[in-house]
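Undergrad: Required output: the full structure, derived from the provided sequences and hints.
The lines below spell out each chain.
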Amino acid sequence: GESVGLHLPTLSVQEGDNSIINCAYSNSASDYFIWYKQESGKGPQFIIDIRSNMDKRQGQRVTVLLNKTVKHLSLQIAATQPGDSAVYFCAENTGNQFYFGTGTSLTVIP
Amino acid sequence: GAVVSQHPSRVICKSGTSVKIECRSLDFQATTMFWYRQFPKQSLMLMATSNEGSKATYEQGVEKDKFLINHASLTLSTLTVTSAHPEDSSFYICSAREGAPRGTQYFGPGTRLLVL
Numbered sequence: 001g002e003s004v005g006l007h008l009p010t011l012s013v014q015e016g017d018n019s020i021i022n023c024a025y026s027n028s029a030s031d032y033f034i035w036y037k038q039e040s041g042k043g044p045q046f047i048i049d050i051r052s053n054m055d056k057r058q059g060q061r062v063t064v065l066l067n068k069t070v071k072h073l074s075l076q077i078a079a080t081q082p083g084d085s086a087v088y089f090c091a092e093n094t095g096n097q098f099y100f101g102t103g104t105s106l107t108v109i110p
Numbered sequence: 001g002a003v004v005s006q007h008p009s010r011v012i013c014k015s016g017t018s019v020k021i022e023c024r025s026l027d028f029q030a031t032t033m034f035w036y037r038q039f040p041k042q043s044l045m046l047m048a049t050s051n052e053g054s055k056a057t058y059e060q061g062v063e064k065d066k067f068l069i070n071h072a073s074l075t076l077s078t079l080t081v082t083s084a085h086p087e088d089s090s091f092y093i094c095s096a097r098e099g100a101p102r103g104t105q106y107f108g109p110g111t112r113l114l115v116l
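Heads up: the sequence lines are chains A and B, in that order.
Going by my numbering, the first sequence opens with residue 1, and the numbers climb by one from there.
Going by my numbering, the second sequence opens with residue 1, and the numbers climb by one from there.
Just so you know, the hints here were simulated from the structure itself, not pulled from any lab data.
One thing to keep in mind: the hints can contain errors.
Said to hold, decoys possible - With a straight-line cut-off of 30 Å between C-alpha atoms, the simulated DSBU-like cross-links for lysine-lysine are:
no.	chain 1	residue 1	chain 2	residue 2
1	B	K14	B	K64
2	A	K68	B	K41
3	A	K71	A	K42
4	B	K41	B	K66
5	B	K41	B	K20
6	A	K42	B	K41
7	A	K42	B	K66
8	B	K41	A	K71
9	B	K41	B	K64
10	B	K20	B	K55
11	A	K56	A	K42
12	B	K66	B	K14
13	B	K64	A	K42
14	B	K64	B	K20
15	A	K42	B	K20
16	B	K55	B	K14
17	B	K66	B	K55
18	B	K41	A	K56
19	A	K42	B	K14
20	A	K56	A	K71
21	B	K55	A	K42
22	B	K41	B	K14
TA: Structure follows, in structure tokens:
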């Protein structure tokens, strides 16, 4: 498989600041990407998606940027709130399956 | 968004027993369901992909005789961990997709398995 089981990197931000979470994907043929949020002991929750024919997509307080040249994806969260504390995963769609990145643990400091 | 449920949410069993986990799509028909496992502080590892009415496709390194998957209907898939051992203790998460291969996956809440 293409998912990686490494220990999570962490990011701490002050409440109200913007957060940027990065993800490198592995397959240049992947054409659909999703960011998920996972709170402790729960399943992943869909945040935002982007297809490979786009470079940027915005949602409510979140923006996803896609750089296909370097196979890099980022999630920007504006005005980060304590409720945003969670682990964030990017997932790339390759054929019939999704493969997950390592994930980043975001902690928001009140 | 679409709702996916899992049952049970938590199970403790003795080594050597088999455990069945159910995954249901509650408000849509899932042509494809996926099973993942997740160890603490790690990412989700895809175990297998199942399409309704056909045999599951297992990822490399996942024993299909150990992890039996049945996708008997468009709303139900089951994962049976046979002869469970302590190293099988993990968080098992299913997801379901409604249609096209590029469609969004919706995840269940996960099942915490502890094998004593």
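Undergrad: Take the hints in turn and mark each one as holding or not.
TA: Status of the hints after comparison with the structure:
For the proposed pair K14/B and K64/B, the alpha carbon gap of about 21 Å is at most 30 Å, so the pair holds. For the hint linking K68/A to K41/B, the alpha-carbon distance of about 28 Å falls within 30 Å, and the restraint holds. Between K71/A and K42/A the CA atoms are separated by roughly 28 Å; this keeps the pair inside 30 Å, and the hint holds. Between K41/B and K66/B, the direct Cα distance comes to roughly 24 Å. Compliance with the 30 Å bound is thereby established for this hinted pair.
The straight-line distance between the Cα atoms of K41/B and K20/B is roughly 24 Å, inside the 30 Å bound, and the hint therefore holds. Of the pairs offered as hints, the one joining K42/A and K41/B holds, with about 13 Å between alpha carbons and a cut-off of 30 Å not exceeded. Restraint check for K42/A and K66/B: the C-alpha separation of about 25 Å stays at or below 30 Å, so the hint holds. Between K41/B and K71/A the alpha-carbon distance is near 24 Å, which keeps this suggested pair within the 30 Å criterion.
At roughly 25 Å between alpha-carbon atoms, K41/B and K64/B fall within 30 Å of each other, so this suggested pair holds. Distance hint between K20/B and K55/B is fulfilled; the C-alpha atoms sit about 17 Å from each other, no more than 30 Å. Restraint check for K56/A and K42/A: satisfied, since their Cα atoms lie roughly 28 Å apart, inside the 30 Å limit. Pair hint K66/B plus K14/B holds up; C-alpha atoms about 16 Å apart against a cutoff of 30 Å.
Using a Cα cut-off of 30 Å, the hinted pair K64/B and K42/A holds, with the two alpha carbons roughly 26 Å apart. Annotation: proposed proximity of K64/B to K20/B holds, straight-line Cα distance about 14 Å (limit 30 Å). Annotation: proposed proximity of K42/A to K20/B holds, straight-line Cα distance about 19 Å (limit 30 Å). Restraint check: the Cα-Cα separation between K55/B and K14/B comes to about 28 Å, which is no more than 30 Å; the hinted pair holds.
For the suggested pair K66/B and K55/B, the alpha carbons sit about 15 Å apart, so the restraint of at most 30 Å is met. Distance check on the hinted pair: K41/B and K56/A sit about 29 Å apart at the alpha-carbon level, within 30 Å; holds. Restraint check for K42/A and K14/B: satisfied, since their Cα atoms lie roughly 24 Å apart, inside the 30 Å limit. Distance hint between K56/A and K71/A is fulfilled; the C-alpha atoms sit about 14 Å from each other, no more than 30 Å.
In summary, the hint linking K55/B to K42/A is supported, as the alpha carbons are separated by about 28 Å, within the 30 Å threshold. Between K41/B and K14/B the CA atoms are separated by roughly 25 Å; this keeps the pair inside 30 Å, and the hint holds.
Comparing the model with each earlier hint shows no violations; every hint is respected.
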